[in-house]
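Enquirer: Protein sequences appear in the order of chains A and B.
Just so you know, the first sequence maps onto residues 1 to 356 in this note's numbering.
Just so you know, the second sequence maps onto residues 1001 to 1403 in this note's numbering.
Incorrect hints may appear among the rest.
[As the list claims (entries may be wrong)] Keeping only pairs whose Cα atoms sit at most 20 Å apart, straight-line, the calculated SDA-like set for lysine to any residue is:
#1 Lys-167/A to Glu-1210/B
#2 Lys-218/A to Val-114/A
#3 Lys-165/A to Gly-1374/B
[To be verified] Simulated DEER-style distance windows between Cβ atoms:
#4 Ala-1240/B to Val-322/A: 52 to 58 Å
#5 Ser-38/A to Gly-1346/B: 24 to 30 Å
#6 Val-322/A to Lys-1316/B: 50 to 56 Å
#7 Thr-1252/B to Ile-93/A: 56 to 62 Å
#8 Trp-328/A to Gly-1397/B: 53 to 59 Å
#9 Asp-1239/B to Phe-200/A: 37 to 43 Å
#10 Thr-163/A to Asp-1225/B: 54 to 60 Å
#11 Ala-1303/B to Ile-321/A: 45 to 51 Å
#12 Glu-228/A to Ser-1228/B: 39 to 45 Å
#13 Ile-93/A to Val-1323/B: 54 to 60 Å
To be clear, the hints were calculated from the coordinates, so they are not data collected in a lab.
Ideal placement from N, C-alpha and C gives every residue a C-beta, glycine not left out.
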Amino acid sequence: MKTMLKNKNTRTNLLTYLVVIVAFVVMQVLNSQGVLGSSMKGYLVPICVYISLAVSLNLLVGVCGELSLGHAGFMGIGAFSGIVIAALLKDTIPNDALRLVCAMFGGGILAGFVGFIIGVPVLRLRGDYLAIVTLAFGEIMKNIVGNTYAGIDDTGFHMAVSTSKMKLEAGGKYIINGPLGATGVEKLATFTMGFVLVLFTLFVVLNLINSKEGRAIKAVRDNRIAAESVGINVTAFRMKAFVVSAFLAGMAGALFGLNYSSITATKFNFNTSINILVFVVLGGMGNILGSVISATLLYVLPEALRSLEDYRMILYAVVLIVVMLCTWSPKVKEVLSVVTDKVSGIFKRKEAGTNE
Amino acid sequence: MKKFVALLLACLMVASVFAGCGASEPKETQAAANNSGETQAAAADGSAPAIKIGLTGPLTGGTSEYGLAVRGGMEIAVAEINAKGGLQIDFKAEDDEADGSDKAVSAYNTLKDWGMQIFAGAVTTGSSLAIAAEAANDQIFMLTPSASAVDVAMTGSNIYQMCFTDPNQGASAAELMSQKWPDATIGVIYDSSDPYSSGIVEGFLAKAEELGLNVAVSDASFTADNKSDLSTQVTKCKDAGCDLVFLPFYYTEASQVLTYANTVGYKPTFFGCDGMDGILNVEGFDTSLAEGLVLMTPFDANATDDATVSFVTQFKENNDGKVPNQFAADGYDVIYALYNACVAAGIDGNTPAEEACAMLQEQFAGMTFDGLTGKSMTWDENGMISKAPAAVVVTDGVYVPMD
């Protein structure tokens, strides 16, 4: 154990898990004591969802070095397919938690599959071009889902892209109703499942980063030509990161969709993609714990600023700019490093003490 | 280090600017502060505390016009009621950014933490759908001023609407057309990405088929992403020879349709729904182009009855001379309908939300309400409103009731 802890990577990873677990336990205890208000309770599941989204996007943007602006598109695919799967399995699997897991995996797999199909042409591109194409992908997905009608009746499952082609028998029920989105969704999501999703996402991403594949992916990011010259299949590794990232986003999307009784395709627009990207950038590229913390804080911040009424969105933007400037300013880093050095100095002395 | 100090100072200055903004907040907030002062005074007198009514709507962003209008209308009603004495109202509005999921629910939850007893929102359909399920679950009475989808009212027995449902409005439009223009060739342009617009079209087409109307163009749709240029849709109607064009969407896009039709010399009769209300106030729009436009709106700001005149005057005073649209009038009516029902049922600030919900449901089932947006309004068992549809024609730059 001690030798394991000496590895800096392992230490950071364990710290990440520890932070998430402690936060979960604290929230559960507070909840059981009835301290949490309805708004705080309402934040729990979306925070878990956004943490998963930020961590999975960090794999793509921070670790793989590919700027993707279509993450909300994958989230949307996961959300709507998850809702459909949950509705279809209603009679087959009466257990809510099991049905939720099926819906999440279904949503994840579909998002991952779409990610693969999109990845074949898209991953031939790099940098700005990739960003533009993923942006377009997100918008296309939003419009496709916004025009999809899906419903279930006695004769089975129906799907169409216009109301005139969609004919449900009497007693049939719409699951996705075009621009109105999915309505009357049964709320299956729970905070515990959100916590499990965050752990699962961390497990997948952290293990991937610290594996042979992860090192190859980082090598591709740092120098593509050098990586190619030592025999790394660049396309395959970029594709791996892209599909895993899409899969995790799909799972998070399914949990998000099943947390609200209605959801529209417009939720998964460009703004949501940018929001997730902001979580990643402010948390630090490639810094997983940073993504977890920034997603939590930045999701709660605009809600906490509600007392400012009309000024809250302006202040939110100002806070973003200040944080961005401060974390990048060398002077601030210098000041911070003095503090962190002192803290780590204490730990080192302690460690040295225990070794003796 | 100098640079860092400079940055810090800059931040402080920015912060102080905002502090300055905070000090000179608009009148409404001060009015609200006065209101709460009054309600505290009332409580000190030994009478019951004020009843807490909450609203969520888009107060920022692209659709904030609707949210701000509803809030403005409700604030006038609240101020009038509180000035009367008797039952007092404590009113609070939260921003839901017109979002259909997490933002809407957290705005609603914030109001719940504040102690809301009755929910008078949400403004947009998407937010209302997300919140309606929560309100049904919590048993908080909900009367939405402007969310018109059928699914909203169908979510629960405690969800009520102040506006027409979309398919109903489409059906009444078709009926009106069959009376006035039975032989017209009709073209329909609509926003397929908007539930309001596509809901109306759905009801309209079904009724038009039943009445045997000649609908020549029914697939000239656009989406929220490509609404900046609607020339192809107008050309389609022109080529099909339509002499009556149905525009069931909001006035900002409609103003483009009218402008483009004018430039190509296409002059059919244009027919709009309640979302068209406000077209005469679009900045930079030549109102002479709207001449002859028919629209179905429950509220006419130029009406001469006392209630409307006093409402319009007060609204203009509070909102820098802005003319209220039907959203504001719906908001005003919602507060009065709730107030009347609360007085009749004896609900006050001490009544728990669940109890108030059951009592209000009973009241609304048998209640008849006269407001700015219609007379003798009643609600059916699903919470949908029934009132007479009214149409106006734009003549010389003002609405004239259609005979």
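Enquirer: Does the Cβ-Cβ separation between Ser-38/A and Gly-1346/B fall within 24 to 30 Å?
Expert: Cβ of Ser-38/A to Cβ of Gly-1346/B: about 27 Å, so the range 24 to 30 Å holds.
Enquirer: Go ahead and decide if the range 53 to 59 Å is satisfied by the Cβ distance of Trp-328/A to Gly-1397/B.
Expert: 55 Å, holds
Enquirer: Look at the Cβ atoms of Asp-1239/B and Phe-200/A and judge whether their distance stays inside 37 to 43 Å.
Expert: 56 Å Cβ-Cβ, so the 37 to 43 Å window is violated.
Enquirer: Run the distance test for Lys-167/A versus Glu-1210/B: straight-line Cα separation, threshold 20 Å.
Expert: 18 Å, holds
Enquirer: Is the hinted range of 45 to 51 Å satisfied by the C-beta distance from Ala-1303/B to Ile-321/A?
Expert: With a Cβ separation near 48 Å, Ala-1303/B and Ile-321/A satisfy 45 to 51 Å, so the hint holds.
Enquirer: Mind checking the alpha carbons of Lys-218/A and Val-114/A for me, to see if they're no more than 20 Å apart?
Expert: 24 Å, violated
Enquirer: Hint says 39 to 45 Å; check whether the CB-CB distance for Glu-228/A and Ser-1228/B agrees.
Expert: Cβ of Glu-228/A to Cβ of Ser-1228/B: about 44 Å, so the range 39 to 45 Å holds.
Enquirer: So if I understand the rule, the pair passes when the alpha-carbon distance is 20 Å or less; does Lys-165/A with Gly-1374/B pass?
Expert: 37 Å, violated
Enquirer: Taking the CB of Thr-163/A and the CB of Asp-1225/B, does the distance hold inside 54 to 60 Å?
Expert: 20 Å, violated
Enquirer: Hint says 52 to 58 Å; check whether the CB-CB distance for Ala-1240/B and Val-322/A agrees.
Expert: 57 Å, holds
Enquirer: Is it true that Ile-93/A and Val-1323/B lie within 54 to 60 Å of each other by Cβ?
Expert: 56 Å, holds
Enquirer: So does Val-322/A sit 50 to 56 Å from Lys-1316/B, Cβ to Cβ?
Expert: This hint is violated: roughly 40 Å between Cβ atoms.
Consistency note: the structure conflicts with the earlier hints numbered 2, 3, 6, 7, 9, 10.
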